[in-house]
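2 protein chains.
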Amino acid sequence: MDLTWLALAVGVLAMLVVAILAWSILREPVGPRQMEKVAGFIEEGAKAFIKRQYTTIGIFAALSLIPLAIFFRDVRVAIAFVFGAALSLLAAYIGLRVAVKAGVRTANASRASTTKPFTLAFRGGAVMGLSVVGLSLLGVSLLFWFYRDPKLIVGFGFGASLAALFAQLGGGIFTKGADIGADLVGKIELRIPEDDLRNPAVIADQVGDNVGDCAGRGSDLFESISDDYITAMLLGALVLVPLGVVSEINAFMFPLMLGASGIVATIVGVFIIRGWSKIKPIMSFNIGLLITAIVCVLGAFFSVMVLLNDVRVFYAVVSGLVASLAVGLAVQYYIGIDSRPVKKIAESSERGAAINIITGLSYAFQSPLMPLLAILAAILFSYYITNGSLYGIVAANIGTDLAIGIIMSSDAFGPISDNAVGITQMSGSRNGETLEELDAMGNTTKAYTKAFATASGTVSTIVIFATYGKEVGLDSVSLGLVNPVIIVGLLLGAALPFLFSSLAIGATAKTAYQMVDEVRRQFKENPNILEGKAKPDYARCVDIGTKNALKQMIGPGLLAIASPVAVGFILGKYALGAMLLGGLATSALLSPSFTFGGGIWDNAKKYIERKFWMKGTPTHMAAVTGDTVGDPLKDVAGPSLNIFMKLTNMTALLIAPILLLL
Amino acid sequence: MDLTWLALAVGVLAMLVVAILAWSILREPVGPRQMEKVAGFIEEGAKAFIKRQYTTIGIFAALSLIPLAIFFRDVRVAIAFVFGAALSLLAAYIGLRVAVKAGVRTANASRASTTKPFTLAFRGGAVMGLSVVGLSLLGVSLLFWFYRDPKLIVGFGFGASLAALFAQLGGGIFTKGADIGADLVGKIELRIPEDDLRNPAVIADQVGDNVGDCAGRGSDLFESISDDYITAMLLGALVLVPLGVVSEINAFMFPLMLGASGIVATIVGVFIIRGWSKIKPIMSFNIGLLITAIVCVLGAFFSVMVLLNDVRVFYAVVSGLVASLAVGLAVQYYIGIDSRPVKKIAESSERGAAINIITGLSYAFQSPLMPLLAILAAILFSYYITNGSLYGIVAANIGTDLAIGIIMSSDAFGPISDNAVGITQMSGSRNGETLEELDAMGNTTKAYTKAFATASGTVSTIVIFATYGKEVGLDSVSLGLVNPVIIVGLLLGAALPFLFSSLAIGATAKTAYQMVDEVRRQFKENPNILEGKAKPDYARCVDIGTKNALKQMIGPGLLAIASPVAVGFILGKYALGAMLLGGLATSALLSPSFTFGGGIWDNAKKYIERKFWMKGTPTHMAAVTGDTVGDPLKDVAGPSLNIFMKLTNMTALLIAPILLLL
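Residue numbers (numbering that gives the first Met the number 0), protein chains in the order written: chain A, 0 to 661; chain B, 0 to 661.
The hints are simulated quantities; they were obtained by calculation from the structure and are not laboratory data. Among these hints, one or two may not hold up.
Straight line, CA to CA, 30 Å or less: simulated DSSO-like cross-link-like pairs of lysine-lysine [claimed, not checked]:
#1 B:K532 / A:K343
#2 A:K534 / A:K36
#3 B:K343 / A:K546
#4 B:K523 / A:K343
#5 B:K550 / A:K342
#6 A:K509 / B:K610
#7 B:K550 / B:K46
#8 A:K509 / B:K342
#9 A:K523 / B:K610
#10 A:K610 / B:K523
#11 A:K523 / B:K342
#12 A:K546 / B:K342
#13 A:K546 / A:K50
#14 B:K605 / A:K509
#15 A:K509 / B:K343
#16 B:K342 / A:K550
#17 A:K277 / A:K610
#18 B:K550 / B:K534
#19 A:K343 / B:K550
#20 B:K523 / A:K342
#21 A:K523 / B:K343
#22 A:K100 / A:K277
#23 A:K469 / B:K469
#24 A:K36 / A:K605
#25 B:K343 / A:K550
#26 A:K115 / A:K610
#27 A:K342 / B:K546
#28 B:K546 / B:K100
Sequences and hints are given; from them, build the entire structure.
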């Protein structure tokens with residue numbers, strides 16, 4: 000049965016809730032003059048960055064239209080592409096604007112209440128969470144409404160991927176360039192506190208929290224969920240329909256209805272999670288997450304039974320959901336503030352920065368194993384439970400998406416709390432326990448979201464790859480693994496994420512480098528700044544970050560799009576398939592290594608600061624060095640690799656019809 | 000025609016030359032009393048380590064015999080296994096013993112001559128180089144003489160791999176634990192020079208140079224070349240013989256004759272390379288390398304034409320040789336003392352340790368691309384030139400081995416020069432320019448050998464994998480890449496090198512950690528040590544390194560053997576094939592990232608020291624931190640991964656006959 004109207008209605012409902020949440024935040028008071036002033040700086044910087052970043056992405060998207068038009072000669076593909084990129088950016092934009100406003104209001108609320116700051120910060124985050132899932136479902140459903148053919152919607156996923164890559168890369172380079180620059184001169188050289196208005200890079204740092212963590216991750220998950228709808232529709236038609244038990248329209252509706260269940264569940268969760276006087280914020284969040292998961296499971300059960308009438312698919316969906324939530328356990332084990340790795344690294348800092356970093360690298364390289372095993376178990380389970388059907392994996396893949404709305408909300412909550420802490424500090428007040436606690440919780444939820452995004456992205460990539468494989472006949476030809484073309488393609492593909500990481504890390508280093516020089520210059524040329532008698536030139540730091548981020552995001556972005564096209568046309572569609580697998584293999588390992596490693600270093604530093612109040616000691620300096628090394632890994636290379644692996648596969652899927660003609 | 004006698008004769012010739020070289024070194028004077036004393040400490044430490052390490056490996060090998068006996072019920076496989084492990088250890092032992100003796104004699108010679116030190120140091124290295132290629136050819140030929148069936152010789156390669164893994168891991172953990180421990184307390188905390196007899200870990204550091212660089216790399220290359228003989232014989236029988244143009248015995252002889260040509264060429268090269276008064280050592284080495292390569296090519300041409308009568312195979316061999324030499328260009332580009340990356344990192348050190356490390360990571364992750372492209376080009380070329388025959392790749396693979404003898408000689412030359420510098424310094428003399436130059440050259444040749452070993456090891460792994468694939472029918476079944484079992488196997492395989500690296504790096508960190516504590520303890524408990532009035536307890540540091548190294552090498556070693564067995568028996572032979580490919584994909588990238596990255600950090604530190612004499616400044620300290628971080632990467636994880644990837648594949652090949660019965 001055609002339920003596109005229902006999907007559209009749920010998408011609209013999500014955006015209505017977004018409007019209500021935004022209104023409920025904006026009507027809160029901004030607080031004293033000094034807070035408003037600081038928040039004004041941040042808002043201005045964020046706006047300036049977003050304006051220039053979106054212009055650059057727009058130009059890039061417009062240029063991409065030319066090859067799209069030449070190859071496809073179908074204006075509908077091009078429209079889908081533009082629509083995907085635009086909705087992805089719009090979701091991130093809505094989330095970002097409200098997040099910036101929520102930050103200062105959370106800071107103000109913390110002066111009088113212990114429960115309201117959490118409610119405000121979480122609802123601010125929920126605006127991002129619901130915008131992402133709402134606009135994604137709306138976009139895909141609307142295109143299906145008009146096109147009636149998922150093949151034409153692939154462009155939507157491609158557009159969303161392209162926008163996401165640039166948003167994450169640009170935002171990441173900006174935020175970590177500013178963060179490192181601010182820390183290296185402020186904390187290490189001059190030993191002034193974090194979030195000190197005397198530091199010229201401090202505003203850029205706060206802006207970065209929003210454009211990197213918030214907007215970047217938003218577009219990442221927008222892409223993940225959109226790609227998953229599209230591949231599930233495509234593979235439903237390719238795998239389920241030929242078996243004759245499911246009608247085509249039901250196969251098309253199934254992923255959209257699962258998505259709609261996820262949104263309804265998220266809305267329920269968002270209103271349950273709030274500040275309670277007797278319950279800690281993290282408990283409130285866990286309860287909300289649990290209830291969301293239960294509602295999701297109920298919705299998934301009805302969707303499966305009504306549309307596909309096969310309970311095994313339901314088990315597959317649940318296995319995906321469970322695996323994605325289990326990733327949280329790995330995060331707790333490795334990154335939790337009292338975890339063994341965090342303590343070990345804190346301890347190793349007593350032997351200097353080098354031992355801190357070596358020990359951290361050791362944990363970083365082992366951390367991908369646990370989450371990967373969870374995913375692989377879900378894949379094998381869902382494959383075998385459906386009697387060896389690829390569709391089992393498709394169902395598990397959508398299962399990993401069900402909690403995206405609520406998890407994205409908790410992610411965007413992170414930078415809001417972080418900003419609230421910064422704004423309080425910079426406006427001369429002291430942070431109470433409430434804000435400190437929210438900030439710490441935000442660090443954990445941010446780490447979880449990144450790990451979740453990788454896990455979910457890995458399954459997505461496998462499914463996009465399988466869709467590509469089905470389309471070009473990788474599974475039907477007798478193409479053994481021993482074929483040198485396959486091995487060469489695989490190794491080439493494996494090399495790409497390394498090169499991509501190198502570019503992303505190098506770009507951040509370069510930006511940080513210039514930021515260090517600029518901050519040093521300002522302090523040197525005007526000694527009044529350090530004494531607090533003169534206002535530093537914040538805008539210049541924002542400008543350096545922006546220019547570098549936008550310039551440096553082009554190279555890696557091109558690599559992601561050009562490599563599948565080049566390999567596909569030069570070495571052929573099978574070598575391209577192998578390249579995708581090779582890229583998946585290294586991305587799926589490097590990305591969590593980076594995000595987990597960075598998270599451990601970050602929390603080891605915090606552990607030393609909180610437990611021992613050792614700020615300024617050599618041990619603390621060693622930990623700060625480790626944290627700084629982890630920054631570009633966990634917030635630039637790691638999250639961007641997620642998008643990289645999906646985008647290379649989406650590009651391959653997009654050009655598959657052309658490769659078939661060769 | 001059966002030329003086994005010729006292969007045996009050339010093997011014996013190599014060992015005769017080894018004896019002559021050893022004799023020519025040992026008759027040189029040891030020098031003044033103080034030098035002899037210092038050299039005595041080193042020799043004692045090395046002997047103590049080797050004795051305990053070999054005992055441990057022996058126990059492990061003996062335990063491995065039990066499953067071997069149960070599974071194969073053929074005593075010949077077990078004999079081959081023991082023989083392979085024993086010859087690998089013997090080659091490393093001969094090389095190591097002579098290297099230690101060559102070090103002090105080089106130091107002494109440098110007091111009177113500018114040319115003799117190079118001749119002595121290089122010939123000392125050549126003992127290792129020729130022992131490796133000589134004993135490998137002798138071992139394989141002897142087993143073929145008795146068994147007449149290469150399938151039974153697989154055990155030889157497996158034994159060599161197992162011994163190599165432990166030798167490299169144990170040696171690496173020891174050397175870097177000692178090196179880092181000595182540097183962190185000596186250079187960074189107390190600011191005393193390197194190679195200072197007051198430092199309790201200084202002897203362990205010198206011992207480490209020998210057991211890590213020298214013995215470890217020797218067994219690595221022994222494994223590479225042995226595996227390549229065996230797989231070439233197996234694939235010759237599987238691929239060439241069925242075509243009906245080549246007799247089985249000729250296919251068996253071909254790899255052995257190529258190896259014999261390589262040995263003859265190496266002997267020529269070894270006697271050409273020596274100290275000349277008008278030619279710089281590096282030029283002399285380059286000339287020798289060139290002449291060796293020319294003799295190799297001539298030998299390869301005759302071997303191909305006489306035995307296979309197909310000039311295309313000759314082209315394939317040459318493409319492998321060229322690719323393996325081209326890797327040297329990448330090393331020059333990245334690690335050369337005046338290279339752009341080295342200068343960039345030196346410059347970035349001015350912004351602190353964190354920026355130094357981030358920039359280094361950025362270079363590390365991009366460095367594998369160039370050498371990988373050289374290898375992949377050789378693979379595609381040799382595949383297509385032989386009209387799509389797998390044997391083309393086999394030929395290219397042996398091509399990458401032809402220069403092993405001379406390159407291994409240049410590698411072992413490194414620690415000998417390094418020791419000579421240390422011994423001179425510690426016996427109170429000043430190092431002349433001659434030794435400094437040799438030391439710098441040794442750093443470059445060591446870096447080249449590691450990169451070469453990875454490149455050659457990658458092609459070896461591909462060929463072992465292809466042999467496994469042929470044996471279990473990976474190429475004949477219609478097993479598409481879209482199969483979830485394949486994808487799961489691939490991702491599992493991709494995760495293993497990350498886990499393995501984590502264990503190797505963590506083990507080094509742990510050892511370094513304890514070394515730091517011990518050195519600090521000695522200085523604290525007896526202040527006379529720092530004043531040079533009391534002798535530190537060197538033996539205790541050697542002991543800590545030894546204990547840790549031997550304990551910590553077990554875990555990663557077991558991982559390499561247990562994982563293919565577990566996946567093969569649980570998920571089946573196809574999943575195992577995919578696992579091997581996944582492991583290849585990440586090892587082939589991680590390993591060069593580690594060795595190149597570490598090399599760049601190392602030389603950036605040297606660049607700062609030599610060009611600016613900035614020892615002790617914050618910039619120099621930042622560079623030392625970077626160098627220390629690179630140590631476990633470039634000398635433990637990187638080289639061990641080479642062996643890891645070959646060993647997992649050899650294990651799979653070994654159990655292939657059993658998996659076929661399931």
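Task: Pair hint K509 (chain A) and K343 (chain B), alpha-carbon separation not exceeding 30 Å - done: This hinted pair holds, its Cα atoms lying about 11 Å apart.
Open item on the list: Next pair to validate is K342 (chain B) with K550 (chain A); report whether the Cα-Cα distance is within 30 Å.
Closed with: 23 Å, holds
Open item on the list: Would the hint linking K277 (chain A) and K610 (chain A) be met if the CA-CA limit is 30 Å?
Closed with: 25 Å, holds
Open item on the list: Against the 30 Å threshold, does the CA-CA distance of K605 (chain B) and K509 (chain A) hold or violate the hint?
Closed with: 23 Å, holds
Open item on the list: Holds or violated: K343 (chain B) and K546 (chain A), Cα atoms, limit 30 Å.
Closed with: Holds. K343 (chain B) to K546 (chain A) sits at ~21 Å (cutoff 30 Å).
Open item on the list: Can you confirm whether the C-alpha distance between K610 (chain A) and K523 (chain B) stays at or below 30 Å?
Closed with: 28 Å, holds
Open item on the list: So if I understand the rule, the pair passes when the alpha-carbon distance is 30 Å or less; does K550 (chain B) with K534 (chain B) pass?
Closed with: Cα-Cα ~28 Å, so holds.
Open item on the list: Holds or violated: K343 (chain B) and K550 (chain A), Cα atoms, limit 30 Å.
Closed with: Holds, at about 20 Å.
Open item on the list: For a C-alpha distance cap of 30 Å, please report whether K342 (chain A) and K546 (chain B) respect it.
Closed with: Roughly 25 Å separates the two Cα atoms, so the pair holds.
TODO: Take a quick look at whether K532 (chain B) and K343 (chain A) sit within 30 Å of each other, Cα to Cα.
DONE: 37 Å, violated
TODO: Quickly compare the C-alpha distance for K546 (chain A) and K50 (chain A) to 30 Å and report which way the hint goes.
DONE: At roughly 12 Å apart (the allowed maximum being 30 Å), K50 (chain A) and K546 (chain A) satisfy the hint.
Task: Given hint K343 (chain A) paired with K523 (chain B) - CA-CA distance at most 30 Å - done: Satisfied, since the Cα-Cα distance of roughly 24 Å is no more than 30 Å.
Going down the numbered hints, you'll see the structure goes against just number 1.
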